[in-house]
Each structure stands twice: as structure tokens, then as C-alpha cells.
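Respectively, the protein sequence lines represent chains A and B.
Here our numbering is used: the first residue of the first sequence is 1, the next is one more, and so on.
Here our numbering is used: the first residue of the second sequence is 1, the next is one more, and so on.
Hints listed in this document are in silico derivations from the structure and should not be mistaken for laboratory results.
Since we're looking at a predicted model, the values are computed, not measured.
Just to be clear, a hint being listed does not mean it is correct.
Intra- or inter-copy, both count: the list cannot distinguish identical chains.
To be verified - Calculated cross-link-like contacts (lysine to aspartate or glutamate; reagent style EDC-like; alpha-carbon spacing at most 16 Å): (1) 190 <-> 124; (2) 79 <-> 195; (3) 190 <-> 15; (4) 229 <-> 101; (5) 79 <-> 194; (6) 366 <-> 315; (7) 253 <-> 151; (8) 134 <-> 301; (9) 190 <-> 301; (10) 79 <-> 101; (11) 135 <-> 237; (12) 229 <-> 92; (13) 229 <-> 194; (14) 366 <-> 161; (15) 134 <-> 285; (16) 190 <-> 221.
Residues per chain are reported as follows:
Number of protein chains: 2
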Amino acid sequence: MAVSGSKENGGRLPEVVIIGAGFGGLSAARALAGLPLRVTVIDRRNYHLFQPLLYQVATAGLSPAQIAAPIRRILRGQKNTRSVMDRVVGIDRDRRVVTTETQTFAFDYLIVATGARHNYYGNDQWEETAPGLKKIDDATLIRRRVLLAFEQAENATSDAEVQRLLTFVVVGGGPTGVEMAGAIAELARKALAEDFRRIDPGTARVILVEAGPRLLPTFSEPSSLAARKQLEALGVEVIAGVAVAAFDAGVVKLADGSTIESNCAVWSAGVMASPAARWLNSNRDAAGRVLVSGTLTLPDDPRIYVVGDTASLVDARSVAVPGVAPAAKQMGRYAARSIARHIHTQSPLPPFRYRNYGNLATLGRKAAVAEFGPLRLSGFPAWLLWSLIHIYFLIGHRNRLGVILDWAWAYATYDRGARLITGSSE
Amino acid sequence: MAVSGSKENGGRLPEVVIIGAGFGGLSAARALAGLPLRVTVIDRRNYHLFQPLLYQVATAGLSPAQIAAPIRRILRGQKNTRSVMDRVVGIDRDRRVVTTETQTFAFDYLIVATGARHNYYGNDQWEETAPGLKKIDDATLIRRRVLLAFEQAENATSDAEVQRLLTFVVVGGGPTGVEMAGAIAELARKALAEDFRRIDPGTARVILVEAGPRLLPTFSEPSSLAARKQLEALGVEVIAGVAVAAFDAGVVKLADGSTIESNCAVWSAGVMASPAARWLNSNRDAAGRVLVSGTLTLPDDPRIYVVGDTASLVDARSVAVPGVAPAAKQMGRYAARSIARHIHTQSPLPPFRYRNYGNLATLGRKAAVAEFGPLRLSGFPAWLLWSLIHIYFLIGHRNRLGVILDWAWAYATYDRGARLITGSSE
């Protein structure tokens, strides 16, 4: 039954299938380079997306191509690996195959790294009004809506309509929500400030609604407070401790009975794992994430790994592994190393431990909050650090150069490089 | 009846409405800067598009934002001018108003610069199979189809299917068709060459079909021939003297009875003016262009100008003004100068004369053909000239810098910066 080395396969190399080329899947694939096995990376898109900068696409600071790189391009030098663009429709654990829309892929080892989508907690109809920010198409949709709001306000005939069009609601005070709110406020007050004749974009209201008691709940309280102060300095109105109750036409209703007249909302209040748990028919947590063992495998199947936002794990040091890019990368590398050990029939790895190198969130053009163990930064030093780290982790020298150029330009001029309203009208 | 100066308007400034912010409309708007009149530029998009480089977006070389600039940003320093994003639905010549979806705009002078769309010569149903290349959404659609063809070929199960997926048909041998064919061939043979495992992108066929006897009919015969040779050196198959008869599912039928199995076609075989002639209820030529007087106005209405691809004119030197960017810019500036004269009740301008500074078309990464009067260039010198000219005319220093960077990178590495398959699946 065991398929632990090439010999036991009748001479063929072990097949590793990786589903998803986000941070987790791609890290796993790279860590398998050069090993005596065949790796297949399946993704329904042709690019790896650097999601932490997606909010900059949504607010016209960067172009999609600057934060995305073709998966085949990234992996083309890795001779044991092939890349497949296809949509997975199921996993057959008994037959050991992954089925896509066009093919089936047999595996000896499987790494599921399919990420997460927004979680509307049962109110999926809210997505149309308040899209989330996970994909490039989400970002260009939000960019379209935000920029269009200013154009429509310029054409509007009543003050009430102008005010409604220039009110933006961001739901969820985690890093994405905080970054979106800061970026929209800066877009209105800086980049667009002098471009209109009838409206004053500087009067736009940006309202950040967080159901919990404070912003950035995974950060320390002082950092939360610093973030709130910096956002308020940018002109963002923060409402904490109140959940959204409903989205109606042009009105956001809050749980305390108050309402906000707005046509443009963004959802960043929670994520739900991809349908991987259903495919695997395995146990999952409330957010749909697969409950994995300490070695990141299914408890009853040590050759099926689940990593990144799709996995639910309290690690060996009782740390609940968060759904962030560094965790996904660490899990992807762990899964790859674990497979390599297994093939060489070495002793298994000790259980996975998440190493938290720090928390970072940016707040507009030159402020951020950062925490590295006991070290806390805020304001410009944190922003500088944030910029360096994000540029460093961007894949591909070309993207790095383009982003540096655009950021330097934006920093010097407040200009935004990607103010395009594209896509069909809704 | 005359509205020739501010006095005759009861003290109000003359209103100039410009419809369309392409090369013609934008040149007119800029030439009206600082004059004692009120200028309104109406466009249904929020950006000016540098159409001559659109084929590079369609072939993953550039991002949309690199060849587009927000109209309000371009005009924001021009205090007598406002920019309106709206869709024009009609022109009332008697009441002197332009009607958009949300408003009406009274005018004393009107400049119609609404450009052109593809012309399928009565076969509009071909557009779905063979889209043209005029808008950003066209370019991202074509980019999606071209890149997807390689991905689907990699997943295909039969050789016939691979061959069909890797056959690209470009219809029309004018500059756009020639540039598209060259860019697709290079994409296949260079940028994608090492990225696939099962297919060899280098085996892709790129077929350029031109109904007339030779490519680039507006160029001299030697340049046509040079273009054909350079394209063939890139691996493009040129079929001249044969028109397309029909597009069926997966098959392009030619007028000589032959067929080409292909799933991916691009249309660049002709243009049809925008519906402006209908709005104006004026005489038009076979391509729907408004027949204008020698001063670019309607023959019976000397305050309504039509410029650029929307106008049909044989100029004072019996030159039929072509539908190219330099002609549109010259016409836009002429209309603005003519209005300025009219307001100051100076003698009218002499009739418009098109100055042809030359013809240019690029053929892949380092070849082109160029003609400037008696001077003819081809190969690398022509390409260098083409690059310099296009960068010079790109609006906005930021875009110039970005394009230079991307071209330098592509030149050094053959890499393409925008290999994204985005948009909903069709």
C-alpha cells in the first residue's frame, strides 16, 4: 500500500499534485524543486496574485499586472514541475485522483492550498452591494465603483445625491479594511483633489465599520489605537462595536438602528475557506476550513496535506495559525519538506510550528503600524518598513521595479497611475 | 443670431462642447486653453486612450493603465475647461444642445470627435468570433483569448485540437493587423517558448489575411514588401488577395473556398464611424463618416465641427484625410483655432490641409517600416524611430517612464509584463 519511494511505484516517480498557486501552494512547489518526483500545480487562474497589495489595485494605485505573475513563468525553470490552468471539480480519495473540468490527475501526495473567499455569514446576497477583495476581478470592480462614484457625483443634480455618492463604507476593521479605508480617503483628498469642477472630492466620507470593539484585533491595543488615530487623521470615520445589519438600495443599516446613505461599500469582515473540505469530505470548522493534524495532513490520510487559509490548526505551541501570507508560505514549505522526508523514508518532521515574524498594516501614503514581538512601530518608520517588506516579497524583478517606480511617483506627486474605469457597465 | 463674442451673449462666455476625448477632441480642448470661453469635454470613458499601442495590451506587453490617462487629470490645469463622463444620446441642432444620459449641454460651438468602431460590412455577428481592437475592453478580451488558447492547448487531448487552438487568424493587413500578427507570433515564439511542458508554443500558426493585393495599402509598395518579409521572418503566414467569407464554429472560411481551423481570430479589416452622422442628421460616406466642408464644419452649420475618424474630407490639396491619430490631432487643433478666430470676428482660417509627416508600422520586437516623404526605412532603424515617436506622444510622464521600462525589459528578456487572463469566462 505504501508509495514511499520510486522503487515501490514500479520505477515511476511519486506524483505530487498541488491545488492552488497562492502563497501556500507556490511555496510548496518551489520547495519541491529538484527532488525525484513529479509535481503538478493546478490553478484555475494563470497567475499567482500578491494579495496583500490588491487594495492598491482597488484604489487605482497599481495595475493588476504589477501584483501578478504567470505561474508557468515562475515555475518554468523547475524541470520536475508542470503547471495546469484548470478548475478542480473534485477529489477522489479512494481512487487517489483530482478531477478538473478537462482531466484527471493521479496523485501519491496531495497538497490542497485553495485559499479562502469572503464570508457573508449567511447573507450571500450582500456580495453584490458590498464586494470583497480577493481576486483581481474584485479589485477592478471596486476600482470601477469608487472612481465612478466621483464621476456620478460630478454629474448629480442634488446635494443629497452628491453626498450619498461620495460616502464610502468599508465593513471590517482587519488589515484589508483598514488599508482600503485609508487608501480611499487619500484618493479623495489627494489624488482627485483638483480634478473636479462641481464637487469637492475632499468632502467625501469614508466610514470604516468594525463589529468588534477595536480595529486590527490581531494587533496589540496600542497599535489598534495608533491605527485608529492615523486613519482619523486621514479623514476616515471609524465606527467600532457595531455590526452591519443589512444593505438596502443606497442605504447601509447598522445593528444599532442607525443608517448610512451610501452607494459604494466594500466587504472585508471575514473569510470562508474554499470548498476543499467538501471535496475531501473531512471535518471543518465554522469558517469551512479543514481541521488538519499537527503535520498539516488529514487526520486519517497522512498523504493529503491542507495548507494556508484552507487549513484550521492550533499548532504545537497552542497558537491558532492565522490566515495570513507568511503562515501559508510556512505551511507550504512544511508540507513539501514532509513529503521529501516521507519519500526518503526518513523519520517524520516534528509537528508544524507557526513563526510569527510580525504584524503589519499600512494606513495611507506614509503611515502604518508594525509589531515584531516586543517592538512596536507606527507612523512613517512603520510605513517605510511595510514598503520594503512588500517589495521584497513581490515575485519577479520586473514587478518590483514597476511597483517601486509607481510608489516613488505617487509619493512625490500623490498621483495614481491606474485611474481607469473599465469593464462593462452593471 | 450670431454668437461671435461674449458681448453678443449678454456677457456670458461662448460655450464650446467637445464630444469625445480621443486624439481629435483632446487636441481641440488643449488648443482652447486660456481663451475666453467655456469648454466642456464629454466622453463616456474617464480616460484618454493611446490607441496606437492597444495591440500591445492585447498581446500582454503593456498594461491598460500604461496607455491610458484620466481625462480630468490631463485637463485639470485648464481652468476654462470641465470634463464630463457621460454617454451622449443625441444632438439637437435647432435647440443647440447635446443630450447625455443624465444632462443637457447648451453649445455655441460644437466639436464632434467620437471616433470609429470596427466595420464588419453587414456581418455584425462576426464580432463575437473575431473582435476588433478599439477599446481597452477589446484588448483585454483578445489578451484573454490568446493566452487562454495556449493554456487550453496544453490541456488538450488530441493533436488536431492542439493545432486548432494554436492557430491564430488576424483579418486585415493595415497597420493594426500587421502589428497584431507580429506581436502574437513573437509572444508564441519568444515570451512563451519555455513555459509549457506538453505543447511547443513555437509551433503556433499566425495567419494574416488581407483581402487586397498587399499589406499596408497606404504605404509604398517597397514598404509593403519589406513588411511582409519581416512578418514572414517572424513566422507569420500572409494570405493576400483573399477575403474572409464566414466565421463558423472553429473554422474561418475564405472567399477562395479554403478554410482555416482556428478558435481565435482578430478583426482589423475596416472601421465604421460612430453614430455621430445620425445624431447630426447630416450626409455621410459609406463608412458612416460625416461629409464636412473644407473648414471641418457641417456644410450648412459653420459652428458644428466634425474631426478625426468621424469626418470624411478630401482636403484643399485633394488629399483624402486618413483615419490616423496625427490627422485627428491636426483636425482638432484646426477646429479650436477656427473657433478662436470666429469669436474674435477675425477672418476665417484658410481650409484645412492635412500634413502627412509619415507612415509607421511596427513588426515585432525590433523591426518596422517607416516612410517620411521620399525617405523609407525598415528593420531596426525604423523600429527605433517608431519607439521614440510613440513614447514621445504618450500622454503623461509617468506613462512614458513605465512604457520605457517595460520595453527595455522586454527587449532584454523577451518577457511580457501583463500575461493575465482576467474577466469572467465566456
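Going through the hints against the structure:
1. 190 <-> 124: Result: close neither inside a copy nor across copies, 34 Å intra and 44 Å inter.
2. 79 <-> 195: between (51 Å within a copy, 11 Å between copies)
3. 190 <-> 15: For residue 190 and residue 15, the Cα distance exceeds 16 Å both inside one copy (53 Å) and across copies (30 Å).
4. 229 <-> 101: This pair counts as neither: shortest intra-copy Cα distance 49 Å, inter-copy 42 Å.
5. 79 <-> 194: between (53 Å within a copy, 11 Å between copies)
6. 366 <-> 315: neither (35 Å within a copy, 55 Å between copies)
7. 253 <-> 151: neither (25 Å within a copy, 45 Å between copies)
8. 134 <-> 301: neither (30 Å within a copy, 54 Å between copies)
9. 190 <-> 301: This pair counts as neither: shortest intra-copy Cα distance 54 Å, inter-copy 43 Å.
10. 79 <-> 101: neither (25 Å within a copy, 56 Å between copies)
11. 135 <-> 237: Neither. Shortest intra-copy (26 Å) and inter-copy (38 Å) distances fail the 16 Å Cα cut-off.
12. 229 <-> 92: neither (51 Å within a copy, 54 Å between copies)
13. 229 <-> 194: neither (26 Å within a copy, 51 Å between copies)
14. 366 <-> 161: Neither way: residue 366 and residue 161 sit 32 Å apart in one copy and 53 Å across, limit 16 Å.
15. 134 <-> 285: For residue 134 and residue 285, the Cα distance exceeds 16 Å both inside one copy (21 Å) and across copies (49 Å).
16. 190 <-> 221: Intra 29 Å, inter 53 Å, cutoff 16 Å: neither.
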